[in-house]
Amino acid sequence: MLQKLYDWIDDRIDITPLWRDIADHEVPEHVNPAHHFSAFVYCFGGLTFFVTVIQILSGMFLTMYYVPDIENAWKSVYYLQTEVAHGQIVRGMHHWGASVVIVMIFLHTLRVFFQGAYKKPRELNWMVGVLLFFCMLGLGFTGYLLPWDNKAYFATQVGLEIAEQVPFIGEQIKILLAGDAHIVGAQTLTRFFAIHVFFLPAALFGLMAVHFLLIRKQGISGPL
Amino acid sequence: MHKGKGMKFVGDSRISADKKPNMPKDYSEYPGRTEAFWPNFLLKEWLVGAVFLIGFLCVTIAHPSPLEGMADPTNASYIPLPDWYFLFLYELLKYKFASGPYILFGILLIPGLAFGGLLLAPFLDKGPGRRPHQRPIAVGMMLLAVASVMWLTYESAEHVDWEARAEANKPVASVEIDKEAPGYKVFESNCMSCHGDSLQGGAAAPSLIGIDRSADEIMKIAQEGTGSMPPGVFKGTDKELKQLAEFIVSVNEEAK
Numbered sequence: 001m002l003q004k005l006y007d008w009i010d011d012r013i014d015i016t017p018l019w020r021d022i023a024d025h026e027v028p029e030h031v032n033p034a035h036h037f038s039a040f041v042y043c044f045g046g047l048t049f050f051v052t053v054i055q056i057l058s059g060m061f062l063t064m065y066y067v068p069d070i071e072n073a074w075k076s077v078y079y080l081q082t083e084v085a086h087g088q089i090v091r092g093m094h095h096w097g098a099s100v101v102i103v104m105i106f107l108h109t110l111r112v113f114f115q116g117a118y119k120k121p122r123e124l125n126w127m128v129g130v131l132l133f134f135c136m137l138g139l140g141f142t143g144y145l146l147p148w149d150n151k152a153y154f155a156t157q158v159g160l161e162i163a164e165q166v167p168f169i170g171e172q173i174k175i176l177l178a179g180d181a182h183i184v185g186a187q188t189l190t191r192f193f194a195i196h197v198f199f200l201p202a203a204l205f206g207l208m209a210v211h212f213l214l215i216r217k218q219g220i221s222g223p224l
Numbered sequence: 225m226h227k228g229k230g231m232k233f234v235g236d237s238r239i240s241a242d243k244k245p246n247m248p249k250d251y252s253e254y255p256g257r258t259e260a261f262w263p264n265f266l267l268k269e270w271l272v273g274a275v276f277l278i279g280f281l282c283v284t285i286a287h288p289s290p291l292e293g294m295a296d297p298t299n300a301s302y303i304p305l306p307d308w309y310f311l312f313l314y315e316l317l318k319y320k321f322a323s324g325p326y327i328l329f330g331i332l333l334i335p336g337l338a339f340g341g342l343l344l345a346p347f348l349d350k351g352p353g354r355r356p357h358q359r360p361i362a363v364g365m366m367l368l369a370v371a372s373v374m375w376l377t378y379e380s381a382e383h384v385d386w387e388a389r390a391e392a393n394k395p396v397a398s399v400e401i402d403k404e405a406p407g408y409k410v411f412e413s414n415c416m417s418c419h420g421d422s423l424q425g426g427a428a429a430p431s432l433i434g435i436d437r438s439a440d441e442i443m444k445i446a447q448e449g450t451g452s453m454p455p456g457v458f459k460g461t462d463k464e465l466k467q468l469a470e471f472i473v474s475v476n477e478e479a480k
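Taken in sequence, the protein lines are chains P and U. Numbering of the first sequence is given in the working numbering, commencing with residue 1 and proceeding in unit increments. Numbering of the second sequence is given in the working numbering, commencing with residue 225 and proceeding in unit increments.
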């Protein structure tokens with residue numbers, strides 16, 4: 001049945017080459033923890049991706065309840081946390097996942113760095129990876145405000161004050177992020193929501209696609 | 225792949241009518257014990273992922289994510305703190321060479337050099353050797369950076385009493401207060417000026433919602449005071465005192 005369905009699709013759009021491109025790739029001995037336990041250091045990149053998937057899925061479910069508006073943002077999070085079945089777990093996954101993903105991406109960066117895996121010809125992929133790191137930090141910063149509780153509000157205020165002190169463009173950066181030169185309020189929340197849910201994930205997906213394409217194209221770096 | 229004359233297509237599309245076999249690549253001649261990703265390695269990866277997910281879910285269930293009270297921009301006494309992975313940048317700004325007139329060192333120069341160096345690492349460390357001992361400068365700088373980040377994070381987090389913070393800022397359950405109740409009338413004339421019109425507390429007195437006291441204890445405190453509350457605040461009859469205590473207890477029952 002499944003085979004027939006596959007053949008039916010394959011007859012029409014020839015997906016076998018595409019599927020083989022995705023499925024077929026080698027896992028060399030030196031990165032396989034089944035053969036050398038110390039190769040677990042190669043898992044951090046995959047775990048970063050895994051937690052990112054958790055973040056995307058839990059985040060999608062959070063937006064079913066979350067209201068990006070200063071009157072209701074906190075109330076919607078409180079409602080989700082206390083009243084909705086399993087809401088506490090979904091929010092917990094997103095909250096702790098945000099920390100775990102930073103830890104994993106940090107460990108992955110250290111692994112690549114200390115193995116010198118960023119050297120020619122992999123310079124570009126290293127830079128894409130560092131940009132991914134910045135994206136993650138941006139997601140952490142913007143996501144921190146969204147529950148609209150006191151720690152969120154005052155941390156964001158401090159963050160925006162720091163941004164404001166950048167010479168020449170500081171004020172513009174602050175207005176771009178906060179929506180106003182002085183008020184951290186309704187505009188700030190909607191902007192941070194948009195950045196957290198649309199702008200940064202779009203950048204993240206694009207960079208991730210390039211990151212994976214380059215790994216596949218160049219192959220994983222050889223043993224030291 | 226068939227090229228040139230005689231190519232066959234599916235209908236009028238550009239899909240080749242030649243079927244390609246859906247066969248995995250053969251890795252038997254690859255060096256070492258190379259494995260196929262699909263399905264051999266993915267299965268193992270999936271097992272590790274499942275164990276990781278279970279551990280992660282246990283943490284999530286054991287530690288509900290924190291939520292403080294709703295943001296109050298007029299709260300002037302709140303000491304802000306960023307999420308833990310920004311603490312090192314926050315702590316950096318407390319040093320003399322990175323604050324006040326030197327603030328640009330703290331917000332631009334030092335983080336800019338560190339993160340710029342990270343971004344451009346392949347162009348700063350160009351030697352052919354990949355082993356750490358073949359590139360002592362790059363490895364040394366990275367170790368120094370990692371040690372500084374950890375030190376700054378530790379310095380910043382160490383002084384914070386996280387439990388006290390969470391306790392002081394926990395959200396107050398919103399309660400419907402029956403302002404027609406006889407107890408509320410007594411509250412209005414005796415307690416409201418300090419404890420607020422909804423028992424929410426204020427600058428001079430704490431909230432009366434979420435307290436764990438019996439009616440007798442409340443009657444005693446209303447007459448004799450406690451902490452910074454002086455004795456003799458309550459001025460009324462014994463009957464009114466009883467009404468007041470029962471009212472506060474009922475509000476707390478409801479808030480549970």
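What the hints contain is simulated information worked out from the structure, not anything from laboratory work. Since the model is a prediction, treat every value here as computed from it, not as a measurement. Don't be surprised by glycine CBs; every beta carbon is placed ideally from N, CA and C. Please note that a few of the clues may not be correct.
Claimed, not checked - As a list, the in silico BS3-like pairs of lysine-lysine whose alpha-carbon atoms are at most 25 Å apart: (1) P:K4 <-> U:K394; (2) P:K4 <-> U:K249; (3) U:K268 <-> P:K4; (4) P:K217 <-> U:K403; (5) U:K249 <-> P:K217; (6) P:K119 <-> U:K459; (7) U:K409 <-> U:K350; (8) U:K244 <-> P:K75; (9) P:K217 <-> U:K394; (10) U:K350 <-> P:K120; (11) P:K217 <-> U:K350; (12) U:K249 <-> U:K229; (13) P:K4 <-> U:K232; (14) U:K268 <-> U:K244; (15) P:K75 <-> U:K403.
Unchecked claim - From chain U, some residues computed to sit far from chain P (all C-beta separations above 12 Å): (16) G230; (17) S237; (18) N264; (19) N299; (20) P306; (21) D307; (22) E379; (23) E382; (24) A405; (25) K409; (26) M443; (27) F458; (28) K463; (29) S474.
Evaluated hints:
Annotation: proposed proximity of K4 (chain P) to K394 (chain U) is violated, straight-line Cα distance about 58 Å (limit 25 Å). Simply put, K4 (chain P) and K249 (chain U) have alpha-carbon atoms about 23 Å apart, close enough for the 25 Å limit, and the pair holds. For the proposed pair K268 (chain U) and K4 (chain P), the alpha carbon gap of about 29 Å is over 25 Å, so the pair is violated. Of the supplied pair hints, the one linking K217 (chain P) and K403 (chain U) is violated, its CA atoms being roughly 71 Å apart against a limit of 25 Å.
Distance check on the hinted pair: K249 (chain U) and K217 (chain P) sit about 16 Å apart at the alpha-carbon level, within 25 Å; holds. Distance check on the hinted pair: K119 (chain P) and K459 (chain U) sit about 81 Å apart at the alpha-carbon level, beyond 25 Å; violated. For the hint linking K409 (chain U) to K350 (chain U), the alpha-carbon distance of about 79 Å lies beyond 25 Å, and the restraint is violated. Only pairs whose Cα atoms come within 25 Å are accepted, and K244 (chain U) paired with K75 (chain P) is rejected, the gap being roughly 57 Å.
A threshold of 25 Å between alpha carbons decides the hint, and for K217 (chain P) with K394 (chain U) the separation of about 51 Å lies outside it, so the pair is violated. For the hint pairing K350 (chain U) with K120 (chain P), the CA-to-CA distance comes to about 8 Å; that is within 25 Å, so the pair holds. This hinted pair checks out: K217 (chain P) and K350 (chain U) have alpha carbons roughly 22 Å apart, not beyond 25 Å. Restraint check for K249 (chain U) and K229 (chain U): the C-alpha separation of about 29 Å exceeds 25 Å, so the hint is violated.
Distance hint between K4 (chain P) and K232 (chain U) is fulfilled; the C-alpha atoms sit about 22 Å from each other, no more than 25 Å. As the CA atoms of K268 (chain U) and K244 (chain U) are separated by approximately 29 Å, the hinted pair breaks the 25 Å bound. A threshold of 25 Å between alpha carbons decides the hint, and for K75 (chain P) with K403 (chain U) the separation of about 23 Å falls inside it, so the pair holds. Listed as a non-interface residue, G230 (chain U) keeps its Cβ farther than 12 Å from every Cβ of chain P; the least gap is roughly 18 Å.
Remark: the non-interface label on S237 (chain U) conflicts with the geometry, its nearest Cβ contact in chain P lying 8 Å away (cut-off 12 Å). Its closest Cβ contact with chain P, about 8 Å, brings N264 (chain U) to no more than 12 Å, contrary to its assignment away from the interface. Not every Cβ of chain P is farther than 12 Å from the Cβ of N299 (chain U); the closest lies at roughly 6 Å, contradicting the non-interface assignment. A cut-off of 12 Å between C-beta atoms contradicts the statement that P306 (chain U) is not in contact with chain P; the least separation is 5 Å.
A cut-off of 12 Å between C-beta atoms contradicts the statement that D307 (chain U) is not in contact with chain P; the least separation is 5 Å. Its beta-carbon lying about 17 Å from the closest one in chain P, E379 (chain U) satisfies the requirement of being farther than 12 Å from that chain. Here E382 (chain U) stays apart from chain P, with its beta-carbon at least about 18 Å from theirs, past the 12 Å limit. Separation of A405 (chain U) from chain P is adequate, the least Cβ-Cβ distance of about 26 Å exceeding the 12 Å criterion.
The Cβ of K409 (chain U) sits about 30 Å from the closest Cβ of chain P, beyond the 12 Å cut-off, so the non-interface label holds. For M443 (chain U), the non-interface assignment is confirmed: its Cβ lies about 32 Å from the closest Cβ of chain P, beyond the 12 Å cut-off. Even its closest Cβ contact with chain P, about 32 Å, leaves F458 (chain U) beyond 12 Å, as expected for a residue assigned away from the interface. Non-interface status of K463 (chain U) relative to chain P is upheld: no Cβ of that chain comes within 12 Å, the nearest being about 37 Å off.
Look at S474 (chain U): its CB is around 21 Å from the nearest CB on chain P, clear of 12 Å, so calling it non-interface holds up.
Comparing the model with each earlier hint shows violations of hints 1, 3, 4, 6, 7, 8, 9, 12, 14, 17, 18, 19, 20, 21; every other hint is respected.
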